[in-house]
Amino acid sequence: MLPDDIKEKIIKKYNIPDPEPPRNVPKEDRPKNDSEYPGITEFVIDPYVGAGVLRLGMTPDEVQKALNFNPRKYRRLHEKEDDYRICFVYYKEPEICNAIEFFPPASVLFHGKNLLDCSLKEAMEFVRQYDSDLEIEAGFISHKYGFGVYAEFGIYEPENPVETVIVFEKGYYD
Numbered sequence: 001m002l003p004d005d006i007k008e009k010i011i012k013k014y015n016i017p018d019p020e021p022p023r024n025v026p027k028e029d030r031p032k033n034d035s036e037y038p039g040i041t042e043f044v045i046d047p048y049v050g051a052g053v054l055r056l057g058m059t060p061d062e063v064q065k066a067l068n069f070n071p072r073k074y075r076r077l078h079e080k081e082d083d084y085r086i087c088f089v090y091y092k093e094p095e096i097c098n099a100i101e102f103f104p105p106a107s108v109l110f111h112g113k114n115l116l117d118c119s120l121k122e123a124m125e126f127v128r129q130y131d132s133d134l135e136i137e138a139g140f141i142s143h144k145y146g147f148g149v150y151a152e153f154g155i156y157e158p159e160n161p162v163e164t165v166i167v168f169e170k171g172y173y174d
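The sequence shown runs 1 to 174 under the UniProt record's numbering.
Simulated from the structure, these hints should not be mistaken for laboratory data. Nothing here was measured: the structure is a model prediction, and the numbers come from that model. Any given hint could turn out to be false.
What the hints assert, rightly or not - Capping the alpha-carbon separation at 20 Å, the derived lysine to aspartate or glutamate pairs in EDC-like fashion look like this: (1) K170 <-> E36; (2) K113 <-> E125; (3) K92 <-> E62; (4) K80 <-> D131; (5) K144 <-> E157.
Claimed, not checked - Cβ pair distances, simulated, as ranges: (6) K80 <-> G112: 26 to 36 Å; (7) Q129 <-> P94: 19 to 29 Å; (8) H111 <-> I155: 16 to 26 Å; (9) K80 <-> E159: 26 to 36 Å; (10) E93 <-> V49: 17 to 27 Å.
Think of the CB as a built atom: it goes at the ideal place given N, C-alpha and C, for glycine as much as any other residue.
Please put together the full structure from these sequences, using the hints given.
Laid out in structure tokens, this is it:
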């Protein structure tokens with residue numbers, strides 16, 4: 001499976017269009033936002049509940065309605081995800097949201113700080129004020145607040161910018 005950044009480069013290079021919504025969906029039920037990105041791009045983390053208008057436990061239709069935007073659909077071997085161009089929404093059976101992974105141009109706020117607009121080191125120092133028990137990997141996970149932060153090679157280069165912030169349900173990483 002290709003990493004997401006490689007997929008994006010291929011899609012851009014070969015000008016692959018987004019799939020159109022299913023034709024059997026009545027036009028009035030489709031999201032009204034036809035822009036490149038959802039109109040909502042700022043999300044405040046609500047621990048183990050969600051972020052902004054997106055809530056863990058939502059169905060794909062509820063997520064689509066909350067963002068007023070059609071996702072690009074992907075299917076993986078063991079999970080389903082929707083790509084909303086500012087976040088991936090992951091689902092468990094029976095298609096219930098169990099995690100949301102945000103990336104720029106989204107803003108993900110934790111205690112007023114946009115975690116997608118700083119280095120991994122800066123994000124880690126900030127979050128440690130609220131959770132001193134972070135799980136450190138290629139970023140960090142706060143089990144206390146139900147989110148994680150990722151930066152490529154972050155464990156070796158903490159000055160790298162934060163690339164994604166994932167908000168997840170209890171037990172997601174167990």
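To see whether the hints hold, each was checked on the structure:
no.: 1; hint: K170 <-> E36; verdict: 32 Å, violated
no.: 2; hint: K113 <-> E125; verdict: 12 Å, holds
no.: 3; hint: K92 <-> E62; verdict: 15 Å, holds
no.: 4; hint: K80 <-> D131; verdict: 31 Å, violated
no.: 5; hint: K144 <-> E157; verdict: 25 Å, violated
no.: 6; hint: K80 <-> G112: 26 to 36 Å; verdict: 33 Å, holds
no.: 7; hint: Q129 <-> P94: 19 to 29 Å; verdict: 39 Å, violated
no.: 8; hint: H111 <-> I155: 16 to 26 Å; verdict: 24 Å, holds
no.: 9; hint: K80 <-> E159: 26 to 36 Å; verdict: 35 Å, holds
no.: 10; hint: E93 <-> V49: 17 to 27 Å; verdict: 21 Å, holds
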